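2 protein chains.
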Amino acid sequence: MNAEKIPDIIVGRLPVYLRALQRMADKGLKTTSSQELGDQVGISAAQIRKDISQFGEFGKQGTGYSIEFLTERLRSILKVDRIWDVVVVGAGDMGHALSNYQGFADRGFHVVAIFDNKKEKVGSKIGEFTIEDTETMVERIKSMGVKIAMLTVPATAAQDVAKKLVQAGVRAILNYAPITLNVPNNVKVQYIDPSTHLQRMTFYL
Amino acid sequence: MNAEKIPDIIVGRLPVYLRALQRMADKGLKTTSSQELGDQVGISAAQIRKDISQFGEFGKQGTGYSIEFLTERLRSILKVDRIWDVVVVGAGDMGHALSNYQGFADRGFHVVAIFDNKKEKVGSKIGEFTIEDTETMVERIKSMGVKIAMLTVPATAAQDVAKKLVQAGVRAILNYAPITLNVPNNVKVQYIDPSTHLQRMTFYL
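Protein sequences appear in the order of chains A and B. Residues 17 to 221 in my numbering are what the first sequence spells out, letter by letter. Residues 17 to 221 in my numbering are what the second sequence spells out, letter by letter.
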């Protein structure tokens, strides 16, 4: 497998397959088919077979895929067969929600710190975390070696914070602020924006 | 334009184009090109031209697209040239964040009610909203004629709540719970899940 050659659009579908497979495993299922997986995620069976074949030979004609084996391979390909430390920047409602989110542990992620620039918030607790000052953020992230950040600050502050995160060595930003970030080419940004998801559905209403 | 014939994968990109165009308009820009738009959203210029051409003739060779005109057309195609009422189910951290989210108003959405099943939460306030009981949810949604819901309840409750939402006439669900929902074919579901977005980036780290 040569990661450089895999189109980004396929990479984007792999976590969706992985989530569906983990769900099947939770239900006690052992094997699945491209048809069944496709029905779960809303992608054609042919597309799924094509995507998965990019990474080698899985499954056999007629017997389908071993859920455990395919899960392991996808976790390895996506590099979530380890735990990544993640920081949260912005201790508003969304920062609170992410700090307390139960869905990271078994998906490869662990929140290690949360930052805010409001002096009245710094030092107070969110669950097990003490909110830290963004003034010391760059040093703290560098010292922890964290590569992933979730950005939940207001849109007006997001670009400035993103620049600091890049300085600190962050290479992947999950951006909740409703703006497009300018970052160097070696930094990945993903946008989470409920309006965009809602707009995808209103088309069909 | 025949909406039935447009592949879902293209529909999914249109809100992303719309967000980028609105961003450009906010900066005072009047025209753009498929190249510039592509750089903003990380999609090839050729793909963008192909996607947009599905809906008719926009822009001229060499002069690019009028941002205002293309924005209006995309808003019309996606049916967000009007305001859709939306309910939030689940008054936890994420429900709070969504009820207070500032990014809906200019994107076509308006939160009108929030529900929770915890008796100690019902009747208390989130900003301008009074949390309502999920027991009266089906009737309330029917009487308001709401077609869109955001689901932020725990995974264990999500399928049950989704069933009630469908009974109430909801046809689009934005699901924050980390499970796959089973709904009839005429109901759309979009999943918002930070782990899936993070996993898409770890591939490149």
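Worth flagging that the hints you see were computed from the coordinates, not collected in a lab. Quantities reported herein were computed from a predicted structural model and do not represent experimental measurements. A few of these clues could be false.
Same chains, same label: a pair holds when it works inside one copy or across any pair of copies.
To be verified - 30 Å max Cα-Cα, derived DSS-like pairs, lysine-lysine: (1) K66 <-> K137; (2) K179 <-> K43; (3) K21 <-> K43; (4) K134 <-> K43; (5) K134 <-> K21; (6) K141 <-> K46; (7) K180 <-> K141; (8) K46 <-> K179; (9) K21 <-> K95; (10) K66 <-> K21.
Right, here's what the structure says about each hint:
Proximity of K66 to K137 under the C-alpha cut-off of 30 Å is found in neither arrangement, the shortest distances being 49 Å within a copy and 48 Å between copies. Taking identical chains as interchangeable, the C-alpha atoms of K179 and K43 lie at most 30 Å apart only when they sit on different chains, with a minimum of 20 Å there against 43 Å within one chain. Taking identical chains as interchangeable, the C-alpha atoms of K21 and K43 are never at most 30 Å apart, the minima being 34 Å within one chain and 35 Å between chains. Taking CA atoms no more than 30 Å apart as the test, K134 paired with K43 passes between copies only; the shortest distance there is 28 Å, against 44 Å inside one copy.
For the homomeric pair K134 and K21, neither the shortest alpha-carbon distance inside one copy (44 Å) nor that between copies (50 Å) is at most 30 Å. In this homomeric assembly, K141 and K46 never come within 30 Å of each other (Cα to Cα): the closest approach is 42 Å inside a single copy and 46 Å across copies. Taking identical chains as interchangeable, the C-alpha atoms of K180 and K141 lie at most 30 Å apart only when both belong to the same chain, with a minimum of 23 Å there against 36 Å between chains. Taking CA atoms no more than 30 Å apart as the test, K46 paired with K179 passes between copies only; the shortest distance there is 27 Å, against 45 Å inside one copy.
Proximity of K21 to K95 under the C-alpha cut-off of 30 Å is restricted to the intra-copy arrangement: shortest distance 16 Å within a copy versus 37 Å between copies. For the homomeric pair K66 and K21, the shortest alpha-carbon distances inside one copy (15 Å) and between copies (23 Å) are both at most 30 Å.
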